[in-house]
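If you want the building blocks of each chain, they are given just below.
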Amino acid sequence: MKATKKQLLTSLFILGQLCLPVSAKSLAPTDAGAYLPFYSAEKIGLIKFPGYTLSSSQLTWLPKEKQPLLHIGYHRAVPFYDRGFTLHFSLVIRHSPGPQTVTANYHCQSDYQQIEFQHPQWGPYVLCTKKSIAKADPGKGNQAPISHTVAFVHPRIGNKMPHISLNLHGFDQEILPLLNALHSYASE
Amino acid sequence: MFLRKHLLGYCFVLSLLLFPLESTATAFFDNQQKQSIGHYFKLDQIVILNENAASKGTITLGKDHRNGEQFLKLQYSKAVELDGKNRVQIFTIGHYSKHVAVNSGSPCHSKKQQAFSFSHPQLGDFQICASQNASNKNLISAFVRPTTNNRHPQLEIQYSGTVTELMSLLKSMQAYQ
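Protein chains in written order, with our numbering: chain D, 1 to 188; chain Y, 1 to 177.
Honestly, the hints are just simulated from the structure, not real lab data. Any given hint might turn out to be false.
Straight-line C-alpha distance at most 35 Å; calculated DSBU-like pairs for lysine-lysine [stated by the list, open to error]: (1) K137/Y with K160/D; (2) K78/Y with K137/Y; (3) K98/Y with K43/D; (4) K130/D with K78/Y.
Stretch-level coverage of chain D by chain Y, calculated; a stretch enters the list once three of its residues show a Cβ under 8 Å from a Cβ in chain Y [as the list claims (entries may be wrong)]: (5) 57-70; (6) 168-181.
Pair ranges (Cβ atoms, derived) [as the list claims (entries may be wrong)]: (7) M167/Y with A186/D: 48 to 54 Å; (8) S168/Y with L62/D: 24 to 30 Å; (9) A27/Y with K48/D: 38 to 44 Å; (10) S77/Y with P29/D: 32 to 38 Å; (11) A134/D with R151/Y: 44 to 50 Å.
Note that this is a predicted model, so its numbers are computed, not measured. Here a beta-carbon is modelled for each residue, glycine too, at the ideal position from N, C-alpha and C.
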């Protein structure tokens, strides 16, 4: 009975996380101003999703490369109070000067699950996903497994934003909604 | 013919005087980089290495949105021969929006690190916190921070390599403008 109550609390907590307000914090005009000489507002990809907040953004000029990469990072902390730990999810949107499109015969590594996804505005993506189980301190509370997923997302040929790839990390059922929440800075 | 050659020579010298070539320091960034960096830093806050001191590596410009801190990191590398092997020394000049200067004589963050002071003729005084590499005692890892009287209190230098190279690279630092 006790375990059931804790499981219920955890489920309610996850439900509460899903109902979190979408963070309005986006790139400030100063930040965007630093990046716009290299990536126009239409070419900068952002995510707006409950719980995920903008954590970092940076331009990287690799040696001998004239045009920089742009990485935009998000973070989400999901505390499980009854188990005494917090899950940290990170999400990175990688912009490159050239296309990152994968070939038509691209396949994920054997230990990854392959998912095809169609973004409503931008077009086709391939996701290579892997599930993990969060480990809790065995001495603490509810031990029901918490599954989470990492996904490496590449644009397929025909994608309108071929210069963008993503690394996603979140609850299993949120990976595709996260990708669906991808939009351009110009559209904000 | 002789007069024409002389005239061309004078014109060349005159053009150099009127339109001087961009100095090494100012040519370090291209115009687009300068434009981007200018959103976060004043160009006179930036410190670079003398052109011949080491090879220019990755440059990163960004922001930590959790604390609002902006940063510009200039990475350099230099290969030197040590124990018959080519070792790459990595020297990174980090610029931050907040001041990171330490009081002169303050202890290093880690007990494994030893503190040294270094005085740069143009930039001012620095504190070096260095620790020996466990596998090779000729190599060190070091953090170099300005002390409170330094003209560039927002710098933090990270280094891995030999002691000799660290001192040589620190001496070759110069203000960008």
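The hints, checked one at a time:
1. K137/Y with K160/D: violated (53 Å)
2. K78/Y with K137/Y: holds (19 Å)
3. K98/Y with K43/D: holds (31 Å)
4. K130/D with K78/Y: violated (39 Å)
5. 57-70: Holds: 9 residues of the segment 57-70 of chain D have a Cβ under 8 Å from chain Y.
6. 168-181: Three-residue rule not met by the segment 168-181 of chain D, so violated; n is 0.
7. M167/Y with A186/D: 48 to 54 Å: holds (49 Å)
8. S168/Y with L62/D: 24 to 30 Å: Between S168/Y and L62/D, where Cβ atoms are some 26 Å apart, the hint holds.
9. A27/Y with K48/D: 38 to 44 Å: Given about 41 Å between the Cβ atoms, the range holds.
10. S77/Y with P29/D: 32 to 38 Å: Roughly 35 Å apart at Cβ, these two residues keep to the hinted range, so it holds.
11. A134/D with R151/Y: 44 to 50 Å: Between A134/D and R151/Y, where Cβ atoms are some 49 Å apart, the hint holds.
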